[in-house]
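> All chains, please: the whole structure from these sequences, using the hints.
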Amino acid sequence: MNILRKKSTAHLPFSETVIELFIRLCGISSILFVFGIFFFVFREGAGFLFGGLDVGQFLTNVEWQPTSLNNKRYGALALIVGTFSVTLLAMCIAVPFGLGAAIFVSEFCSPKLRETFKIIIELLAAIPSVVWGFIGLTVMNQLIITVFNAPIGLTMLNGSILLALMSVPIIVSIAEDALKAVPDSYREAAEALGATRWQVVYRVLLPAAKNGLLAAVLLGAARSIGETMAVLMATGHSVNMPSSPLSWIRTLTATIAAELGEVARGGEHYQVLFIIGILLFTITFVVNLIADLAIKGIRQES
Amino acid sequence: MNSNNQNGSQNSAVIEVTDLKVRYGDKSALNGVSFDVYQNEILGIIGPVQSGKTTLLKVINRTLEFTPNTTVEGSVKLNGEDISTISDVYGLRRRIGMVQPLPVGLPLSIYDNVAFAPRTAGIRSKSELDEIVERCLQQAALWEEVKDRLKALGTKLSGGQQQRLTIARALSHQPDILCLDEFSIAVDPVTTMRIEEVLKTLRTKMTILLVTNLVQQAKRLANRTAFFLNGDLIEIDTTDVIFSENPSEQATYDYVNGAFG
Ligand SMILES: Nc1ncnc2c1ncn2[C@@H]1O[C@H](COP(=O)(O)OP(=O)(O)OP(=O)(O)O)[C@@H](O)[C@H]1O
Ligand SMILES: [Mg+2]
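Protein chains in written order, with this note's numbering: chain A, 880 to 1181; chain B, 622 to 882.
No lab work stands behind these hints, which were simulated from the structure alone.
Distance condition first, Cα-Cα at most 27 Å in a straight line; then the derived DSSO-like pairs of lysine-lysine:
1. A:Lys-1089 with B:Lys-772
2. A:Lys-1175 with B:Lys-777
3. B:Lys-747 with A:Lys-1089
4. A:Lys-1175 with B:Lys-772
5. B:Lys-777 with A:Lys-1089
6. A:Lys-1059 with B:Lys-777
7. B:Lys-648 with B:Lys-698
As the structure is a prediction and not an experimental result, all values here were calculated from the model.
What follows is the structure, encoded as structure tokens:
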């Protein structure tokens, strides 16, 4: 096989070579862009990260006062906790719904209903996040005030529900693919052993597709962590260590979005925002890496 | 789970198939077949590809119901009870052990593969499960090879071992009837022989439907043999007659002697 391939490239016509070169270029450039982005973000923040910023304080202090005149503080803990707590709560909502929907679509629903369902899921994925933010500001805000009798509805819960709605489509589509990838022979074998359809799902399909399902959840989480606009609009955007889902919070992404436009380029505050960027980059990188490894696990097993 | 009664006479019918017709959409797969299967016999089912053998097995354990657009007419009775009226279809499937042509190791450990059906039937006790797993693996002549690695994945076994694992699994719910569908397709001749020995012992405990692509296998094992062709049951008789110089149908003679198929 290998020999054959080598032979054929040697006699490739000119146009083929050009096309191949072009495709190669596209591939390489996309890698370069990613590194470029990382390099740029890192360069902007590096000066302060290695000279001046108390990293320990950055990670453990809750005081975020970058604009204070006599008491500047760059404590990002509340932002980090805000990001993680809103994501965690969002996942608590999105994972059961997303996996449940995926199981329903792939195992229990009629082909016709499946098509309808998929269109709805795709529509959900196509809604821009600023629209979600708007829904958060108006509908959800009012709803939370009425239901929980809260003074204000712009809270972590509000943001989490929006993030859940945004990540459900990702979770559903990846999880459904993972379930569909389980060979039908498994289902048949389990059914011949007298398993009910539900027993087939939780005794055979879930274990067989577990890596893909894990990847679905992680990619959904990565989407939540990276989301900016909706949480900026819906969570109250105030630096606060959350004590309950009804606390208002502020996230890492929202902080960058809200403050970057107003800082002096190159200043400390500017650089700290980029350090937050590095932190976000690292978090999503790690989450995606785990998801990738999980997906690789699926391929190896099958 | 009902225990096997040995006192039934040789000729009591466990399965009675009457005028069974099966269609996939407009395409007929069985065009009205009738026959009985007797207690504690091995019924060999032979026939060329696409003759409806697998379809027949799927009707009996009602797994055909998962295939959309199928219609089934006629009746299949199991111990006198029409299977289409049985409401507990899961219980019905557990009365029938099914071994598929390509061994399907569920993505579970060897132990869990065999314990699967007992667990779905509600058995929780560890000691009871241990006992079932050991007994079934022993019956399938696999115990000695895997007893030290019951926690290993079933799919990591060799093809022949996996086929025996599926036999052990099919025995795990103590079925009255064991159906095997071309089990030797993925198995080497030595393992095939071992499984054939296993079937000879199992015959004393249950009724066996042996669909086989190897005509000689039916000759070696079956008490009676049924010959299917394009959805019709051409002939069913004692194996001696089917493999003799003068079965009732010329087609049977031709197929058995390798003229086609
Ligand atoms: N899921 C299905 N959908 C449509 N037609 C089917 C399906 N399964 C089987 N058939 C058709 O039904 C007929 C009988 O098939 P069946 O699998 O029962 O034959 P078989 O005797 O088991 O053949 P083989 O020796 O190849 O296993 C064939 O014509 C086949 O094309
Ligand atoms: Mg078949």
